[in-house]
Amino acid sequence: MDKKTIIRTLEKIALYMELQGENPFKISAFRKAAQVLELDARSLAEMDNILSLKGIGTATGAVIEDLMNKEQSNLLLELQNTVPSGLLPMLKIPGLGGKKIAKLYKELQIDSIDALKEACETKKVQSLAGFAAKTEEKILAEIANLQSKPERTAVWQLEPIVDMIERKLLNIPTIEKFSVAGSYRRVKEASKDIDFIIGTNSPQEVREELLNVLPIIKIIAAGDTKVSVTLAVENEIDADFRIVELHQYASALNHFTGSKDHNIKMRQIAKDLGKKISEYGVELEDGTVQHFESEKAFYAYFDLPYIPPTVREDGSEFSKLDQLPSLVTLDDIKGDFHMHTTWSDGAHSIEEMVEACRAKGYSHMVITDHSDYLKVANGLSKERLLRQIETIYELQAKYTDIELFAGSEMDILPDGSLDFEDEVLQQLDFVIASIHSSFSQPQEKIMERLFNAIKNPHVHMIAHPTGRIIEQRDGYNPDVPTLIEWAKEYGKILELNANPYRLDLKTDYLKLAKEASVPIAINTDAHHIDQLKYMDIGVRYAQKAWLHKESIVNTWTLEKFKQFIKK
DNA sequence: GCCGTTTTCGGCCCGACTGTTTTCAGTCG
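So that you can map any letter, position 353 of the first sequence is 353 in full-length UniProt numbering, and since no number is skipped, the others follow by simple counting.
Heads up, a few of these hints could be off.
Restricting the straight-line Cα-Cα distance to at most 30 Å, the calculated cross-link-like pairs of lysine-lysine (DSSO-like) are [claimed, not checked]:
#1 Lys511 / Lys492
#2 Lys320 / Lys506
#3 Lys296 / Lys560
#4 Lys276 / Lys177
#5 Lys455 / Lys360
#6 Lys334 / Lys192
#7 Lys320 / Lys455
#8 Lys100 / Lys123
#9 Lys360 / Lys177
#10 Lys445 / Lys488
#11 Lys514 / Lys562
#12 Lys260 / Lys92
#13 Lys218 / Lys276
#14 Lys32 / Lys506
#15 Lys296 / Lys12
#16 Lys334 / Lys149
#17 Lys514 / Lys445
#18 Lys492 / Lys12
#19 Lys566 / Lys514
#20 Lys26 / Lys265
#21 Lys271 / Lys26
#22 Lys54 / Lys514
#23 Lys149 / Lys123
#24 Lys134 / Lys177
#25 Lys320 / Lys3
#26 Lys560 / Lys511
#27 Lys218 / Lys123
#28 Lys26 / Lys123
#29 Lys455 / Lys276
#30 Lys226 / Lys100
#31 Lys296 / Lys276
#32 Lys334 / Lys296
#33 Lys26 / Lys92
#34 Lys54 / Lys275
No wet-lab data here; the hints were simulated from the structure. Since this is a predicted model, take the numbers as computed values, not measurements.
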């Protein structure tokens, strides 16, 4: 049995145990064992002694060995015999955990969401100790809600909601400081909810104001330091607001940025020093609480460098601290190499795009409008492209502080041919090849198209290599590891498309590209000057894959970039 | 269930909120 399946089985065992109302530490021991396997880069065959791994003991080790040798786990089979599988989905109902579900099953033989619904409707549930009429109503409401609310919301859907909330918070005068936190701040592709930290001297007023100004469908909780609501926005989503005093702000921001695993690791570090981390500060052995000016000061207190939110993930970041200074940052970015103008489907003129890039302090940039094939995007014919090249070069005369390059985002056609002949391509400084059509072709055909582009000596880069839209469509399903091999062999750039719709390539592939030393360009693909800001999310997304400055084409000097594209 | 150069037993990250309670259990992040 492969490693992934074994990891999932351990997690499944934990779920079943949860439903039995098992000891929470026993349950987390199985989750921990799954995580230990996951974090270990080796394959199962390469691990000669599973039991030597910290976190895997006799019981979890036995399960792993069962799965390796007999393809099944006796423990899981036993659990599945005692716990009906219909209980699993009940864990999705907010307010219900393992213990309550176990009780419902034991006392009322409720073994599915449907059975639970009926028992609530016939008021059987309120007869149980620990349950009452209010709980019954809440369960019914949550069951009804279960289908309507998506489990995760994509980062590009969250962005406008976060903007809206930030505008509201700016208008509440009693709020001194605020920041989005949670997985959004860590640039996860999708999140379950939105978290905000608010620093204020008047928590009561802020709480009232929040409830007044936010578009609220439902108040989930409204305590002294925490307001939880469901927001009335296009795709309804929950938002948590944590209200703290200013001296607690840095600790609260750190705590609610997470991840959970990162926090647990930090707390273990503190505990070894006899200290206790909470969202309010660090409690010393004598009971006094240490506060921090910033997250940086918080980490420094534990002799750690500042760990950016983007890499606060599974805990493995603590073993890679020496790499932090090499990570790409927005300050390292010297140019943007994929953007559109009114010549095709962009909103601004070439000159307006240049001015916007100058304002960002870039030293060079590439204009890359669509090519002939993409009629819906007003793609440029050969003649228009040649005229555009001239226009760009003429415009260059106006500027000494930024160098303009003429490029194209050229389509790779469904039959695998390229939209421009070589004699046109060789007049361009920078050629991007992209797939925008016939996504459903078999992988073999898609790869043939990509190979035709990669092997063309005039092509410099493949844009948005998989064509995915986060949480919405998978793209054209190329064999990315092979694509990375080809890029390495032919010396081509792969793009990390920074538009939050795409973030393509995704992290796992970026890591592969890094291992293969394939250069990555982070590009905004801007169709409007406002979209040039996506460089920021692109860079932070790249940090999640631990991409170093030198592997990012946008950090190269103008001279190095010129050398690369002229070769 | 797992762990240990202060521990082989007694901890395991820590606190807020709700709903059920008369001091707390369960859930959540």
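Unmet hints by their number, sorted upward, for this structure: Violated: hints 3, 5, 6, 7, 13, 15, 16, 18, 24, 28, 29.
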